[in-house]
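So the sequences go chain by chain: A and B. Counting in my numbering, the first sequence runs from 10 upward without gaps. Counting in my numbering, the second sequence runs from -11 upward without gaps.
For the record, the hints were derived by calculation from the structure and aren't laboratory data. All C-beta atoms, glycine included, are put in the ideal place defined by N, C-alpha and C. There's no promise every hint is true.
[To be verified] Which stretches of chain B does chain A cover? Using the computed rule of at least three CB atoms under 8 Å from a CB of chain A, they are:
1. 34 to 46
2. 59 to 68
3. 82 to 93
4. 225 to 231
[Stated by the list, open to error] Pairs of lysine to aspartate or glutamate, DMTMM-like flavour, derived with a Cα cap of 25 Å:
5. B/Lys117 with A/Asp255
6. A/Lys386 with B/Glu61
7. B/Lys105 with A/Glu433
8. A/Lys386 with A/Glu451
9. A/Lys413 with B/Glu2
10. A/Lys386 with A/Asp463
11. A/Lys413 with B/Glu136
12. A/Lys386 with B/Glu2
13. A/Lys355 with A/Asp402
14. B/Lys105 with A/Glu451
15. B/Lys105 with A/Asp463
16. B/Lys8 with B/Glu218
17. A/Lys413 with B/Glu61
18. A/Lys355 with A/Glu239
19. B/Lys53 with B/Asp206
20. B/Lys105 with A/Glu161
21. B/Lys105 with A/Glu256
22. A/Lys142 with A/Glu256
23. A/Lys142 with A/Glu118
24. A/Lys355 with A/Asp459
25. A/Lys199 with A/Glu239
26. A/Lys199 with A/Asp136
27. A/Lys413 with A/Asp332
28. B/Lys124 with B/Asp104
[Said to hold, decoys possible] If we take Cβ atoms under 10 Å as the criterion, some of the chain B residues that face chain A in the derived model are:
29. Ala130
30. Leu134
31. Asn135
32. Phe138
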Amino acid sequence: MVERERVVISRSRGGDGRQAAIAQEFSFTSDLVRGLADDNIAEAIRSYRLRAWVLFERLPMPTTNDEPWRRTDLRGMNSGVFRLPSQVDLERLRLPEPPENLLRPLAGEAHGGQIVITAHGARVELDDSLRQKGVIFTDLRTAEHEYPHLVEHVLGQIVHPEEGKFAALAGALAQTGVFIYIPPGVQVEKPLHSILWGAGVNLAYIDHILVWVDRGASLTYVHESASHTEADGQAFHAGIVEILVDEGANFRFVELQSWGEHVWNFSHERVRVEREANLDWIFGAIGSHLTKNFSELDLAGQGASGRMSGFYFTDGVQHLDHDTQQNHLAPHTTSDLLFKGALRDKSRSVWQGMIYVAPGAQKTDGYQANRNLVLSKQARADSIPGLEIMADDVRCTHGATVGKIDADQVFYLRSRGIPYREAERLIVEGFFDPIMQRIPFEGVRTRFQDAIMDKMG
Amino acid sequence: MSELDIRNLHVSVEGREILKGVNLIVRQGEVHALMGPNGTGKSTLAYTLMGHPNYEVTEGEVWFKGKNILELEPDERAHLGLFLAFQYPVAIPGVSVANFLRSAINAKRRAINPEDKGIPVPEFRRMLKETMDLLKMDHTFASRYLNEGFSGGEKKRAEVLQMAVLRPEIAIMDETDSGLDIDALRIVSEGVNTLRGPDLGVLVITHYQRILNYIKPDFVHIMLDGRIVESGGAELALHLEEHGYDWLREKSAEAMNG
Chain A
10 MVERERVVIS
20 RSRGGDGRQA
30 AIAQEFSFTS
40 DLVRGLADDN
50 IAEAIRSYRL
60 RAWVLFERLP
70 MPTTNDEPWR
80 RTDLRGMNSG
90 VFRLPSQVDL
100 ERLRLPEPPE
110 NLLRPLAGEA
120 HGGQIVITAH
130 GARVELDDSL
140 RQKGVIFTDL
150 RTAEHEYPHL
160 VEHVLGQIVH
170 PEEGKFAALA
180 GALAQTGVFI
190 YIPPGVQVEK
200 PLHSILWGAG
210 VNLAYIDHIL
220 VWVDRGASLT
230 YVHESASHTE
240 ADGQAFHAGI
250 VEILVDEGAN
260 FRFVELQSWG
270 EHVWNFSHER
280 VRVEREANLD
290 WIFGAIGSHL
300 TKNFSELDLA
310 GQGASGRMSG
320 FYFTDGVQHL
330 DHDTQQNHLA
340 PHTTSDLLFK
350 GALRDKSRSV
360 WQGMIYVAPG
370 AQKTDGYQAN
380 RNLVLSKQAR
390 ADSIPGLEIM
400 ADDVRCTHGA
410 TVGKIDADQV
420 FYLRSRGIPY
430 REAERLIVEG
440 FFDPIMQRIP
450 FEGVRTRFQD
460 AIMDKMG
Chain B
-11 MSELDIRNLH
-1 VSVEGREILK
9 GVNLIVRQGE
19 VHALMGPNGT
29 GKSTLAYTLM
39 GHPNYEVTEG
49 EVWFKGKNIL
59 ELEPDERAHL
69 GLFLAFQYPV
79 AIPGVSVANF
89 LRSAINAKRR
99 AINPEDKGIP
109 VPEFRRMLKE
119 TMDLLKMDHT
129 FASRYLNEGF
139 SGGEKKRAEV
149 LQMAVLRPEI
159 AIMDETDSGL
169 DIDALRIVSE
179 GVNTLRGPDL
189 GVLVITHYQR
199 ILNYIKPDFV
209 HIMLDGRIVE
219 SGGAELALHL
229 EEHGYDWLRE
239 KSAEAMNG
């Protein structure tokens, strides 16, 4: 395994020297790290988990003095009460199953495979035709045992446990997850689809998703994390997503987050795109009480390209914080990010984006834009673009806007007979249209439109 | 036969009285022109009739189909059959002309019958195409975002298209000629003339006589300083073209001084 260069962007430390209050510590213990005493688990996987655990214990809980966390406060989180779902829980609690509509294919008419993960475990389906082509689509535990060498090729190689408390936590304690491998040259026509259904309160769902699209292969993968909203209590999710899009491969990743509004949600995600490979990454986030998500694109090989399209809509007291990074590590690489969000009630969003161009990454073209539509006086959107360019022959542009609905637009629509609420909704739909235009799947578009309808009331 | 009956309308903007007692009746089937120099309150009248929230009515009534529409929301006025062609149509990014028109049609249908399922899409498409053909408009217009990146002429044509699709009984056209070159003016006027008929009453607001060469009015009214000071037939516009507004200013000053 070749040790790959890590990208660390140093951001100036904010804060004014005062000690920020620290959130409650977790009560997880080292005996929860799977496989430490299990010889059936490959040494590399065991040592990765052990290292992650040590880091988890060593790294302090982030506070608002830490630059990436400056706008996201964890003090309301009851970290100490979260526990991994146990056999006892499953017998005692009657956790609801995921609703039928979540299981329907979102991209295209049918899926090539589906994994449904609940507290009870994973249910895996895969078309025989794909299996025969060597496609692997299975849950993390199965993959660890059956394909350890493939797992090792990605595990901890793209997202590093050193990156933060929650990356270390998910690295050490992931109980479940998805592993995908597409052999060289295999074109998977029908999308693969997975669902993490995290029902209940006081429970911690911790997952690790690993994808390797090998040379010249292509794949569309849809992953959704979801739960009902619980009236009382909190739940917790931490996850890692590591994806390798190998030379000349094409990967389309649709990621939907519709956690219940009692869930505290954390994720570290990075896609590494190799030479002449292409990534199309679509995010939709409408759920959770609080989210802190790190999504990064590493354009690692010459001619690699990546597009990131984000949709978010918050209401109530939701707080969604998306931290994106487009790393141009090789010449002739292209990135294009558009995140659009709407906010209602007292909700809040943060988008913090960075385009990094490494020394020597000439002829790169990077674009980032974040647009926010604030629909109430109490809602607030923070939008912080950033560029860090270490090469001289590049084209990088960015834009960030926070706006509200224009009263003249509303009057114009009303003068045509469209009532106030509908006028507002039409304007919001129009605002999101540029994102919809980037989504080739009607099922996903419909889902976003339903979310708009739902949030607009 | 419906009529828009404006009675002693007084309107203030930010505490300043702009309209000082306007009386005017526009009936279905009639074309009225309202002329006057800039700043006399013509556009204030247009916006007030449609219910813009920035215009405060301090006195008077406006009756339309048995209702004082000053008590209605803008969308309710539209449902009754009132239409305003804007001087400055607003862009709605991301919303196509077709999507917008279908929403408007369905909103009206639902106002009449809350159970209405909306106009069937094939029927809507056919109707929209026919209307665009009638107005000699390119069909690609329907899929463009409403008023976004439209030229001055395209914006005004889009207003006429909306008018044709929504079939109002009374349409107010606020300075539709402003910013149009002579070709665009001719095209837009032809559109309006196509829609003219016994079911449509029009109030054309303008400060140039030139649009009236294309849209022939049945009645012409002159507004000065928030009041209609003179009314007559089409010849009044020509007289104004020749003599300007001064004779009217003198006349109205005399009338005021009694």
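*So which hints don't hold here, by number, going up?*
4, 5, 8, 13, 20, 21, 25, 28, 29, 32
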